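Protein chains: 2
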Amino acid sequence: MNHKDTPKDIPNGILDGQMVKLDASTRENLYDTSYYGRPMDGSLDLTLIEAAYLVYKDRITVSHEGRKLDFEGLVCESSRREGNFEVKYIVFKDLRERGYFIKPGVTDFRVYPRGGKPGKTPSRYFVHVLTERQPIPLMDLVHQVQTAANVRKDLVIAVVDEESDITYYEVKLTSMKGDMGKAAEDAGIRATLLEDRVIVWDALSSELLHTQHLYGKPLDESRLQLSLIEAVYLQEKNIILIEDSRVERTLTQTEFSETSAAVETEFPMKMAVYRHLRDAGMVVKTGYKFGTHFRVYKKVDPSVGMRHSEFLVHAVDGGHVFNLLHLSRAVRLANSVRKQMVFAWQTGDDILYLELGRMKM
Amino acid sequence: MNHKDTPKDIPNGILDGQMVKLDASTRENLYDTSYYGRPMDGSLDLTLIEAAYLVYKDRITVSHEGRKLDFEGLVCESSRREGNFEVKYIVFKDLRERGYFIKPGVTDFRVYPRGGKPGKTPSRYFVHVLTERQPIPLMDLVHQVQTAANVRKDLVIAVVDEESDITYYEVKLTSMKGDMGKAAEDAGIRATLLEDRVIVWDALSSELLHTQHLYGKPLDESRLQLSLIEAVYLQEKNIILIEDSRVERTLTQTEFSETSAAVETEFPMKMAVYRHLRDAGMVVKTGYKFGTHFRVYKKVDPSVGMRHSEFLVHAVDGGHVFNLLHLSRAVRLANSVRKQMVFAWQTGDDILYLELGRMKM
Chain C
6 MNHKDTPKDI
16 PNGILDGQMV
26 KLDASTRENL
36 YDTSYYGRPM
46 DGSLDLTLIE
56 AAYLVYKDRI
66 TVSHEGRKLD
76 FEGLVCESSR
86 REGNFEVKYI
96 VFKDLRERGY
106 FIKPGVTDFR
116 VYPRGGKPGK
126 TPSRYFVHVL
136 TERQPIPLMD
146 LVHQVQTAAN
156 VRKDLVIAVV
166 DEESDITYYE
176 VKLTSMKGDM
186 GKAAEDAGIR
196 ATLLEDRVIV
206 WDALSSELLH
216 TQHLYGKPLD
226 ESRLQLSLIE
236 AVYLQEKNII
246 LIEDSRVERT
256 LTQTEFSETS
266 AAVETEFPMK
276 MAVYRHLRDA
286 GMVVKTGYKF
296 GTHFRVYKKV
306 DPSVGMRHSE
316 FLVHAVDGGH
326 VFNLLHLSRA
336 VRLANSVRKQ
346 MVFAWQTGDD
356 ILYLELGRMK
366 M
Chain A
6 MNHKDTPKDI
16 PNGILDGQMV
26 KLDASTRENL
36 YDTSYYGRPM
46 DGSLDLTLIE
56 AAYLVYKDRI
66 TVSHEGRKLD
76 FEGLVCESSR
86 REGNFEVKYI
96 VFKDLRERGY
106 FIKPGVTDFR
116 VYPRGGKPGK
126 TPSRYFVHVL
136 TERQPIPLMD
146 LVHQVQTAAN
156 VRKDLVIAVV
166 DEESDITYYE
176 VKLTSMKGDM
186 GKAAEDAGIR
196 ATLLEDRVIV
206 WDALSSELLH
216 TQHLYGKPLD
226 ESRLQLSLIE
236 AVYLQEKNII
246 LIEDSRVERT
256 LTQTEFSETS
266 AAVETEFPMK
276 MAVYRHLRDA
286 GMVVKTGYKF
296 GTHFRVYKKV
306 DPSVGMRHSE
316 FLVHAVDGGH
326 VFNLLHLSRA
336 VRLANSVRKQ
346 MVFAWQTGDD
356 ILYLELGRMK
366 M
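Residue numbers (my numbering), protein chains in the order written: chain C, 6 to 366; chain A, 6 to 366.
Hints were generated in silico from the structure; no laboratory data involved. None of these values were measured; they are calculated from a predicted model. It is possible that part of the hints are untrue.
One copy or any two copies: either way a pair holds, since identical chains are not told apart in the list.
Said to hold, decoys possible - Lysine-lysine pairs mimicking DSS-like chemistry, simulated, CA-CA at most 27 angstroms apart:
{"#": "1", "residue 1": "Lys125", "residue 2": "Lys108"}
{"#": "2", "residue 1": "Lys294", "residue 2": "Lys177"}
{"#": "3", "residue 1": "Lys177", "residue 2": "Lys108"}
{"#": "4", "residue 1": "Lys294", "residue 2": "Lys98"}
{"#": "5", "residue 1": "Lys98", "residue 2": "Lys222"}
With the rest of the complex left out, here is chain C (with noise of 0.2 angstroms):
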């Protein structure tokens, strides 16, 4: 656009520090019916983000030290003054662009809902905007989503990838509970640990476990391969004994969860969550083709099996930081298969939830 014939009466702002000022007479053409800028006394103020939107679109005119700054000017003026400024424009332009209302907000912007207005309708979602490139803590993200819960707003997170693509996530903490009933404790069935996998002999047993409770995938037509972490669960509720192949004696529950903690560093904490999980009444089976630690169903009915997982639940601990490459992907596969994907860590005795999905905004 940017016409070289600009109309004479188009509004001029001046830069001033981080924002432009309009005379306040620009008030019922910007905000009044478009909800641009913040009406003060005397003047309207607009961000930077919002003024280089109205240049782009021909609204408004700015200068700076008497002179007028075309787009490209006032960009880079921007760029120099607002850390992200293109990102963040990106993501305001492309929300602008579908319809949505944009104030400033804590996280970068409150987003109003589709047919809301500011002034008569509450926003909806805080927007935090990401490049591709830039790590984020777990806790972080945490801490916006309950700064966001707070103001009973949702936490939505704009990455912009190196092609200025823009992908929305919804971020929410989450809690997970099932309705499986639980395998009757104390039924003392014996398994052995053979390595990094523990096998159960007897068929009955072994039909037990797996068709009514969901453990273990069978090894044929009799015998039941339990993996490590289901066997220090059943170890732990006392409905299996495990024996070590080696010693030729019972192991206590103590030996046996750190000869399991040996076989991989990351098993305790997929430990705890994998316990938190099957003591809600969910039913946890390894999400190897996934790409995560599990997949998990709320109930499955054991005259059917196994079908659809709804979940996908990757345990990591609290000083996680994402990788948002990573994260992208993970995400990405778990939507594919129209699962949530779910991150798990520990803090103190009780396991948290945080759900991340893509949103078309």
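Let chain C serve as the given structure and place chain A on it in line with the hints.
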């Protein structure tokens, strides 16, 4: 199975170190028709895995120190004698039951093509067995691919997950070549660096770079945004000149490369791969939405625009160690969108490419 009333004429083998020795008279039944074991002077020697499978099938019994071992006893003994015994047994059983003949090999197994027979047909695959929690160095994989290729075999990785499900991956070294023409060098198009992206302000140049050569993404109708990596490449070819909005002068190649590298530690590694792919006539765009560094097109018809990219390419360094969970996620996502997953790394002045794809055996 394991019928209590085992018929008396089932041959009995003797456990002897890492093998089970059967009388030579078993050769006709076990080797000549089914290709189990290795015929020796006076005996047929089975691997522990073959022996366990044949005990499971009630085709042999096995004795050790004068006592018959049942399946459980043999598996426990074998697990003490051979590393990774259970997972290798799981893969052997799976392949056997899919109708493949299998022999021990330098990786773990040599597998014959469907319908192929030991001694009559050459084997086709080298199969290497891993559990989902075993990390594998890139260089180990490359070495195995080369070992297999030297005797004209394909390398297959069989990953056994916690639940004892198997995922097979075909692994091969590949080359990357495209059919795109090059942009005219020394065009000297003016562009500006703003933080971590570069903007071309001129409409005609933007059109040329984007429509003809698929660089960048339009910021609006007349301006183009280039990613840092695109900008470094175009500057190297003297196609663009880069001004820094902060210092208000043109940057040298060294200055701009250093600025770019400072934005992201992985930048030089990614840049080397990007340059190699573009120089090979391919179109290279960000793979963020697929959780990888690049999506790559062999050819894009400018009149049609970008449609389906054939490859996802992820840059790693030569010392990279694959976490199989991450590998699973990358390959699964790539295959779900009908793309090849390729890992790329620099070695000397060259870039090598390793392609991994899920395969149905």
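Status of each hint after checking the structure:
no.	hint	in the structure
1	Lys125 - Lys108	within (13 angstroms within a copy, 75 angstroms between copies)
2	Lys294 - Lys177	both (25 angstroms within a copy, 21 angstroms between copies)
3	Lys177 - Lys108	within (22 angstroms within a copy, 52 angstroms between copies)
4	Lys294 - Lys98	between (38 angstroms within a copy, 20 angstroms between copies)
5	Lys98 - Lys222	between (52 angstroms within a copy, 14 angstroms between copies)
Violated hints: none; the structure is consistent with every hint.
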